[in-house]
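> Chains as they are written, first to last, in the numbering used here: chain D, -10 to 344; chain A, 1055 to 1170.
Each hint should be verified, as a subset may be incorrect.
Which residues of chain D face chain A? A partial, calculated answer using Cβ under 10 Å [as the list claims (entries may be wrong)]:
#	residue
1	Lys8
2	Lys12
3	Ala14
4	Leu60
5	Ala61
6	Asn87
7	Lys89
8	Lys150
9	Tyr262
10	Tyr264
11	Arg265
12	Lys266
13	Trp269
14	Arg288
Read the hints as simulated data drawn from the structure, not as lab findings. We treat Cβ as the ideally placed atom computed from N, Cα and C, and that holds for glycine.
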Amino acid sequence: MKYLLLLLFTINAQADIFKDVFKYATLYGAYSQSNSIQGDKTFYVTQSSELIETTQRNSADEIKTFGFRKLAHFGYEDKDRFYDGEEQNNSLNSNIGNVKGLEYLFEYQEGRQQSMEFKNKQLFVRYLSKWWIAKAEANKNELVDIDYKSLDLRVRIPIGKKLSLSVGGVYRTYEKAYGVNPIQKYLEENNWWNLSYDYFNHTDALYSYENLMTGETGYDYFWYNAQGELISNSDLDYRNNIYGQLVNQYNKEQLAMIGSFADLSSVIGLDFYHYRKNFWVHAYGNILPHHKLQKGDERYSYGNFIGKDNWIDYKYGGVFGVRLNKKLGLFSEITMQRYWDREIKVIKAGINFKI
Amino acid sequence: MKYLKNKLCVAIALFVFSVTHSQSYKDDISVVLYTAEFIKDNYSLKPFREHNINTFYIEKDKNIHANDKIMYLPTICLYNNGELIEKIEAGLSMKLPESTTERIQEHIDELLQDKF
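Bound-form chain D, shown alone:
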């Protein structure tokens, strides 16, 4: 009997937890397709004056999105729409959401944009209580080249009902050695053509030329790829059209060899939210003043690059809106972020007048 009661109690408790976790959650899927931006027309003219169009046509952009979310909107955000993965929720940027308790977002996107295939993954889980905040995030976005994970734990101090101060620590991983530019270091110690010889097995061959009209003479180089095929007729053409790709590939490979990093940083946050139908202000900010490298090659860490471990990373933003009367409204939105040497700035402001 005792065990039966215990079992019933456990089942009941589990049912309650299940209800709390999934209540108001939305499972969604979406597919969108649109015309891709096309570049200017390009042409090639043969020796016999034949015109050949060489314009590269981009296939249509498309995105498939699958997601599962329980993320409250703020009062000023558009709620009356279906989720398709395109929505921007300030709840993901601010420390405090519009509800207490658990909020989450799991989203997977794959598709093509400007003929580039991509896969994006986003995970966001936050628990907001009166006195503490816990947040876990993982974001891999191949379109904007972002890949990071973070775990954020803070003590929260509510000041009145609208203002909230939070203090704690955040563990952040990053996949790239920010501030490090391998090609710069390489060129300080080598000639530019060494990269072509040593890393890509390109070869060159000296030739001389003479302008039969003017009698001007000179010399230049033919360039051949690893298979011995002619890829360029001069150094200038080679640097203009081939060498840039080699540099990118070299940088990518060298940075991948350095590996990933993780920092533990102190964080202080401030959030303010006031909403009425005709007037709203939402402001949030974080400042990360101290950092300690936890994982990764210290020689290439960001702290080593700038020579100190107390650089200031920050993120802040705000939304302001006012409906002055039934016809006239003003709004503005700002997001600023500087993490390591990466900056994001978004500023929007506008006016609406209904005629």
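Assemble the complex: chain D is given as a structure, and chain A must be docked to it using the hints.
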């Protein structure tokens, strides 16, 4: 220039103060009980403690009762971002109806659902 800066700082401080203190008991989802100390069997707001809860006694907060046009005691009001969503008033018995909690909870569920 310095005078202008100071003026701007004062204006911002006044603005923040007025916003933070303007009827904050009606912010977000708020359940407010208007009552009096002489009512012995007062209604408990415990079921709504996940949200903002406030109790105003007529003896201490006469102005709030007057501003919110409270005619009967006790009265319970549900607000969402300053907007009155539901007002339940006691009858001559000075007791709120038995279904008060359910009615308020139903509205809260709707408001929460609307946020997601």
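> Hint by hint, note whether the structure agrees.
A quick look at each hint next to the structure:
Because the closest C-beta pair between Lys8 (chain D) and chain A is about 12 Å apart, greater than 10 Å, the hint is violated. Proximity of Lys12 (chain D) to chain A holds as hinted, the smallest CB-CB distance being about 8 Å (cut-off 10 Å). At about 8 Å, the closest approach between the beta carbon of Ala14 (chain D) and any beta carbon in chain A falls short of 10 Å, and the interface hint on this residue holds. Given the 10 Å rule on beta carbons, the hint for Leu60 (chain D) holds: about 7 Å separates it from the nearest Cβ of chain A.
For Ala61 (chain D), the suggested interface contact is upheld, since its CB lies about 4 Å from the closest CB of chain A, less than 10 Å. Hint on Asn87 (chain D) holds. Least Cβ distance to chain A is approximately 6 Å, under the 10 Å limit. The interface hint given for Lys89 (chain D) holds, since its Cβ lies 7 Å from the closest Cβ of chain A, which is under the 10 Å cut-off. The beta carbon of Lys150 (chain D) is positioned within 10 Å of a beta carbon in chain A (closest approach about 5 Å), and the interface hint is therefore held.
For Tyr262 (chain D), the interface hint holds, the least distance from its beta-carbon to any beta-carbon of chain A being 9 Å, beneath 10 Å. The beta carbon of Tyr264 (chain D) is positioned within 10 Å of a beta carbon in chain A (closest approach about 5 Å), and the interface hint is therefore held. Look at Arg265 (chain D): its Cβ gets to within about 5 Å of chain A, closer than 10 Å, so that hint holds up. Taken as an interface hint, Lys266 (chain D) checks out: its beta carbon lies about 7 Å from the nearest beta carbon of chain A, inside 10 Å.
Taking 10 Å as the C-beta cut-off, the interface hint given for Trp269 (chain D) holds, the closest approach to chain A being about 9 Å. This hint is violated: Arg288 (chain D) has a C-beta 46 Å from the nearest C-beta of chain A, more than the 10 Å allowed.
Of the hints listed earlier, those the structure fails to meet are numbers 1, 14, in rising order.
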